[in-house]
Structures are given as structure tokens and as C-alpha cells.
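Participant: Sequence:
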Amino acid sequence: MFYIYILFSKSSNTYYNGFTENLKKRVENHLAGRSKYTSTKNDWVLVYSKEFEIKKEALIEEKRLKKLNRASLEKLIYN
Numbered sequence: 001m002f003y004i005y006i007l008f009s010k011s012s013n014t015y016y017n018g019f020t021e022n023l024k025k026r027v028e029n030h031l032a033g034r035s036k037y038t039s040t041k042n043d044w045v046l047v048y049s050k051e052f053e054i055k056k057e058a059l060i061e062e063k064r065l066k067k068l069n070r071a072s073l074e075k076l077i078y079n
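Residue numbers for the sequence shown follow the numbering used here, so the first one is 1 and each next one is one higher.
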């Protein structure tokens with residue numbers, strides 16, 4: 001399976017979008033500071049994820065998410 005996900009850091013009031021084949025391990029890596037962009041904060045919380053059977057579909061969705069503005073991301077997450 002393939003996953004797209006959104007993390008949120010309260011301390012920086014920032015969202016981070018990503019793609020992975022192992023969601024649990026990827027989130028653990030973010031929290032442990034083993035990802036360049038997210039390594040400066042340790043309060044990341046998984047706020048959204050979606051599972052795909054086809055890698056190409058997951059990558060297309062990740063690309064779409066990266067283009068969304070904050071209001072659109074929050075609408076997706078919280079509605």
C-alpha cells in the first residue's frame with residue numbers, strides 16, 4: 001500500500017505533506033528528526049492520511065495536496 005499524509009506542528013503552526021509506503025515508520029522518522037524539513041520541530045502530529053493501492057495515484061494526490069493553500073488543506077483535514 002501507498003500513503004499520502006499531512007503532519008501538523010503546533011509550535012510552528014505549519015503543515016507538512018508527504019508520501020510513503022510505511023506510514024508508521026515515516027511518522028516515527030519525522031518525530032525522531034530524521035527528515036530534513038521536519039527535523040527542527042519535534043511536535044509533529046499526523047492529522048490526515050489516505051491509503052492507495054496504486055503508487056502513481058498516491059503520487060498524483062501528494063502533488064495535488066502540495067498545491068493547496070492552507071484553507072483548502074484545513075478543509076480537507078477537518079471536514
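Hint data in this document are derived by calculation from the structure and do not stem from the laboratory.
A few of these clues could be false.
Said to hold, decoys possible - Computed list of lysine-lysine pairs in DSSO-like fashion (alpha-carbon distance at most 27 Å, straight line):
1) Lys10 - Lys55
2) Lys75 - Lys55
3) Lys24 - Lys50
4) Lys66 - Lys55
5) Lys25 - Lys56
6) Lys10 - Lys67
7) Lys10 - Lys63
8) Lys36 - Lys55
9) Lys66 - Lys50
10) Lys55 - Lys25
11) Lys56 - Lys10
12) Lys56 - Lys67
13) Lys36 - Lys24
14) Lys25 - Lys36
All values reported here derive from a predicted model rather than from experimental measurement.
Participant: Confirm or reject each hint.
Facilitator: Hint check results:
Distance restraint check for Lys10 and Lys55: the Cα-Cα separation of roughly 30 Å exceeds the 27 Å cut-off, and the hinted pair is therefore not satisfied. In summary, the hint linking Lys75 to Lys55 is supported, as the alpha carbons are separated by about 25 Å, within the 27 Å threshold. With a C-alpha separation of about 13 Å, the suggested pairing of Lys24 with Lys50 holds against the 27 Å cut-off. Distance hint between Lys66 and Lys55 is fulfilled; the C-alpha atoms sit about 17 Å from each other, no more than 27 Å.
Taking the CA atoms of Lys25 and Lys56, the gap is about 21 Å. The hint holds against a cut of 27 Å. With a C-alpha separation of about 21 Å, the suggested pair Lys10 and Lys67 falls inside the 27 Å cut-off, and the hint holds. Restraint check for Lys10 and Lys63: satisfied, since their Cα atoms lie roughly 24 Å apart, inside the 27 Å limit. A C-alpha spacing of about 23 Å is found between Lys36 and Lys55, which places the hinted pair at or below 27 Å, so the restraint holds.
In summary, the hint linking Lys66 to Lys50 is supported, as the alpha carbons are separated by about 14 Å, within the 27 Å threshold. Restraint check: the Cα-Cα separation between Lys55 and Lys25 comes to about 18 Å, which is no more than 27 Å; the hinted pair holds. Between Lys56 and Lys10 the alpha-carbon distance is near 31 Å, which puts this suggested pair outside the 27 Å criterion. For the given pair, Lys56 sits about 17 Å from Lys67 by alpha-carbon distance, which is consistent with the 27 Å threshold.
A distance of roughly 18 Å separates the Cα atoms of Lys36 and Lys24; the hinted pair therefore holds under the 27 Å criterion. Among the hinted pairs, Lys25 with Lys36 is consistent with the structure: their alpha-carbon atoms are about 16 Å apart, no more than 27 Å.
The structure fails hints 1, 11 (numbered hints given earlier, in ascending order).
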